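Protein chains: 2
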Amino acid sequence: MRLAELSERSGVTTATIKYYLREGLLPPGRRITATQAEYGEDHLRRLRFVRALIQIGKVPVAAAREVLAAVEDESLTHHQRLGAATFALPHGPAPDENDPAVATARREVDSLMAEVGWRRDIEDYGPAPAYWTLVTAVAALTRLGYPSSARHLEPYARLAAQQAVHDMDLLEAYDTPLEQAGAAVALTVLLEPVLLSLRRLAEVEESRRREAVNHSA
Amino acid sequence: MRLAELSERSGVTTATIKYYLREGLLPPGRRITATQAEYGEDHLRRLRFVRALIQIGKVPVAAAREVLAAVEDESLTHHQRLGAATFALPHGPAPDENDPAVATARREVDSLMAEVGWRRDIEDYGPAPAYWTLVTAVAALTRLGYPSSARHLEPYARLAAQQAVHDMDLLEAYDTPLEQAGAAVALTVLLEPVLLSLRRLAEVEESRRREAVNHSA
Chain V
1 MRLAELSERS GVTTATIKYY LREGLLPPGR RITATQAEYG EDHLRRLRFV RALIQIGKVP
61 VAAAREVLAA VEDESLTHHQ RLGAATFALP HGPAPDENDP AVATARREVD SLMAEVGWRR
121 DIEDYGPAPA YWTLVTAVAA LTRLGYPSSA RHLEPYARLA AQQAVHDMDL LEAYDTPLEQ
181 AGAAVALTVL LEPVLLSLRR LAEVEESRRR EAVNHSA
Chain U
1 MRLAELSERS GVTTATIKYY LREGLLPPGR RITATQAEYG EDHLRRLRFV RALIQIGKVP
61 VAAAREVLAA VEDESLTHHQ RLGAATFALP HGPAPDENDP AVATARREVD SLMAEVGWRR
121 DIEDYGPAPA YWTLVTAVAA LTRLGYPSSA RHLEPYARLA AQQAVHDMDL LEAYDTPLEQ
181 AGAAVALTVL LEPVLLSLRR LAEVEESRRR EAVNHSA
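Order-wise, the sequence lines are chains V and U. The numbering used here puts the first sequence at residues 1 to 217. The numbering used here puts the second sequence at residues 1 to 217.
Just so you know, not all the hints are guaranteed correct.
As the list claims (entries may be wrong) - In silico SDA-like cross-links for lysine to any residue, where the CA-CA straight-line distance does not exceed 25 Å: (1) V:LYS18 to U:PRO90; (2) V:LYS18 to U:HIS91; (3) V:LYS58 to U:VAL189; (4) U:LYS58 to V:LYS18; (5) V:LYS58 to U:PRO90.
Please keep in mind that the hints were generated in silico from the structure rather than gathered at the bench. Just so we're clear, the structure is a prediction, and the values are computed from it rather than from any experiment.
Taking the hints into account, I'd like the entire structure generated from these sequences.
In structure tokens:
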């Protein structure tokens, strides 16, 4: 296909495709005239992946190049390739180690992860980026005097485990490691506002339900 | 208590407390000298609520004044008071009605809500703000070609209903409607990064679990 069709089918503008070609995020097409090149299905798949990473995931171009190399590295396991893609996503602020609420939060998060059976450290890597985001978020609850103990958070962790099962089921509908890694990035990010607004709607419903129960009691 | 103690116990600086007093978000203290006033437990409770709304919830001062009036209005039900507080929270962008993906997303969201038994319209109000945020978020999935049908979203809605049960259980530990409404605002906001990072950690764990199953298969 020509550049225009590649743009149409990927939803990425031709200017952006040219930028990705210059940055080496896409291999050059097969040149057919001095000014035109031909692109194949492989370009389309790779372009969709780069779009997921950069446009949806907001991963910087330099990091995207490393992620692409990892996702296409056949010596890595599928699990490692998904990790390479999703760990590149921007994450929240790192915790301030001098804050006493952070020390408390780390103890609670570690005890929560032990309780639900999640490993904290990833081989050769240490904790996932989300571990530090979680510690920061739990420290904010602690500092402001809201419930933040492992016991309070455990029901949410168990529900998150069920969300993750659905997340991974959605990924299995994609064929190649590249497509799965792209979908992992896109769905991790795009489902976040969906999940948060579902929770807010569910809170309205649960509040109404409890009101009705109290009225009839 | 004096202003300094009110500041210490609420975690709100004295400058901010003076600002809330000038804005009428806190009633004046009992004047004891020309320059000093005495504040009570009621001031502290109200200050904690205002802090939750403005500092945690990022609700503008004018809106906070209306929310306070609603939360202290004894003619309203408990459910209505919680709604007055949480609906004032800033919400995501409204959907663009001219976007065909938005029309598709509305159909899917309406069918999802019907499936899980949530009412879309709130008496005299229409849909909750989170309904529009959800439509916008689902439209983004639709537009980019990711799974966004009611069938795909239903498992997440059922998990959100369980999150809401825990959310409301946490609120019931607070005594007064004012404290519950403040906790509703604070926990809605402060638990969001907790829930999102728990999901990302759970995804790592689920990916590892599937890898282990595949290896042993």
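A quick look at each hint next to the structure:
For the hint linking V:LYS18 to U:PRO90, the alpha-carbon distance of about 38 Å lies beyond 25 Å, and the restraint is violated. Under the criterion of a C-alpha separation no larger than 25 Å, the hint pairing V:LYS18 with U:HIS91 is inconsistent with the structure, at around 36 Å. This hinted pair checks out: V:LYS58 and U:VAL189 have alpha carbons roughly 23 Å apart, not beyond 25 Å. Distance hint between U:LYS58 and V:LYS18 is unfulfilled; the C-alpha atoms sit about 41 Å from each other, more than 25 Å.
Distance check on the hinted pair: V:LYS58 and U:PRO90 sit about 23 Å apart at the alpha-carbon level, within 25 Å; holds.
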